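Student: Chain by chain, the residues run as shown.
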Amino acid sequence: MTERGQNNSPGASKTRRTFLLLLPLGFLTGALTSLAAASFRFLRPRITLASDKWIDVAPVADISGTAPLPKKIVVEHVFGWALTTEERNVFVLPAKNNQVLSAICPHEGCEVAWDKNTNRFSCPCHESFFAADGSKLSGPARRGLDSLPSRQQDGRLQVQYQTIAQNPKA
Amino acid sequence: MNPSRNTPRKPNRWRAWTQTTGGVVASLLLVQFVTGLLLAFYYVPSVDHAHVTVSFIEKVLAAGSWIRSLHHFGSQWLPLFLFVHLVRLYVDETYRHCPGHWIGAVLLLGLTMAAGATGYSLPWDARAFFSTRVAEGLLGGLPLVGRNTRLWLLGGSEISSLTLSRLFALHVLVTPFLILLVVWWRGSAVNLLNRWSNLRFHLIAGGLAFTVLALFTAKFPAPLGPSVTTASADYLPRPGAQFLWLYQSLKYMPGGLGSIVGVVLPALALLTLACLPWLDQPWLKKFSARPQRWIAGVILAACCVLVVSMTVLSYLSDKKDPRTRQQLARQASEEAAFRQAPFVPQPVMLGAEQATTTQVGPPESYNRFCANCHGPHGEGARQGNLRFPPLLGVSLKPRRTVEDIVGLLNDPTAYGLEPPMRSFATKLTDEEKKQIAEWVVKLK
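Residue numbers (the numbering used here), protein chains in the order written: chain A, 154 to 323; chain F, 124 to 567.
Hints were generated in silico from the structure; no laboratory data involved.
Owing to the predicted nature of the structure, the values given are computational and were not obtained by experimental measurement.
Simulated crosslink set (DSSO-like; lysine-lysine; CA at most 27 angstroms straight-line):
(1) A:K206 to F:K182
(2) A:K225 to F:K565
(3) A:K206 to F:K565
(4) F:K565 to A:K224
Throw the hints in and build the complete structure from the sequences for me.
Tutor: Below is the structure:
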């Protein structure tokens, strides 16, 4: 190409060469940009909104005593192509007007268990402890167990389940 | 490396452009790698999730349809341009000046065909399923090694989830790795970078090829039919464009000969082409002064004639028979309907079986009107020639929500159902229809 360029006038040759230089670069940038933009949109994470569906926990009549009651609820979520149905653990507090607590530890997200002997919730991961009403006793967690919105409908206790962001204080 | 160094440079300005077939191949390969990588972020290689993940990519994800179409049609363009590239290398007698370059191109052609064959099964629609069947038959029909090759490909005695995992591993790990190995070994990329004057042309040609492919695929989505589980018995499978020649020639081959033509012959042709640099033997010179040129010419011409004639014939024979034409049109409209239908997420149970699958019996009206044909639990039945479809999992099909099923009970023909399914518009009350529909959609 260079040999032929010398035959033309120097100015024309220079524009021509710049053009020939820019054209492939333009093509390359165009192709790569469109692919990159598509890739970004394609891979962008899909935010699942908190569901406002009311989920059955138990018949109100079955809830008695004073200690927190472990219950399993069935949660449905659409995650991309999957409509997942899974069980989540919650605690009902008969002593606190049937308040429902999420079992997820507000520290790093492990699941707390109710310890009958010491009368407190304990987290198996990093030794956070919570009182029977869910408030924080000791350990690295920065707040008490999260309570879930609940209601009583037709004699059944129901909750709206949501995973609450870990670690913030309040 | 560049053959033009050895041949006298002709003062022809078009000559530089004929040298850019490599750039086109490289850009198409790059597209395949990028789009394949992206698709792998969502695809699940298992018989119960493959199809739903592909339709999720196709229907829900931003740019998903385009990316999948690029991958699909790119896989058909790639062997075509590799063949053109090979013809160009043949014209330049690259196999003499630069054997590595030539062998690399031949290996790439074989590998892209292998990648196409293994990738075709992955979407797990009827088209994919039957292509797997044909591959199974072709390999099983090989002399001596047929039985074992088939078993090793399928991962068992039948097509199953194991087969899909194998094809997936071959498609996304084995073939791409071998392709990268060939590209790296040829080192042509490095060679190109050293020669800006050539690279410029390669970039323009490659970018142009990408642009055309991008525009084409933006207009035409890759085909995707309903899941293989819903395919009817009269489904007519047709392979991708790069395998139409094989599909058509299998029609003319009695039985086991198909495996020879479909597998052994192409493998031999590629092997001979790959060995071309060593075929400059004295004993071959008895037949011709330039045996390499002669051998490669015959093979390339034969491939060309076979592929073009068989591909044209396959189109013509599909056009000729009115029943085939009708069935293909029906399939196309089924595919179009599936594409239009909104995406339905697939139920996935994560340790919650007991809680949700508390089976409730069918409503009384179901037992009275539906159970006779569709079975007391919706399992379907067969009476002579009549096949009553099972209702299990019916809610996963397009247009089968509760409202749809109520509508279908009122007017089955509007939902594409044929007699003996009849209208229950007057036989059932609206409340009963709703009860039946609500029970039926829960069947799994």
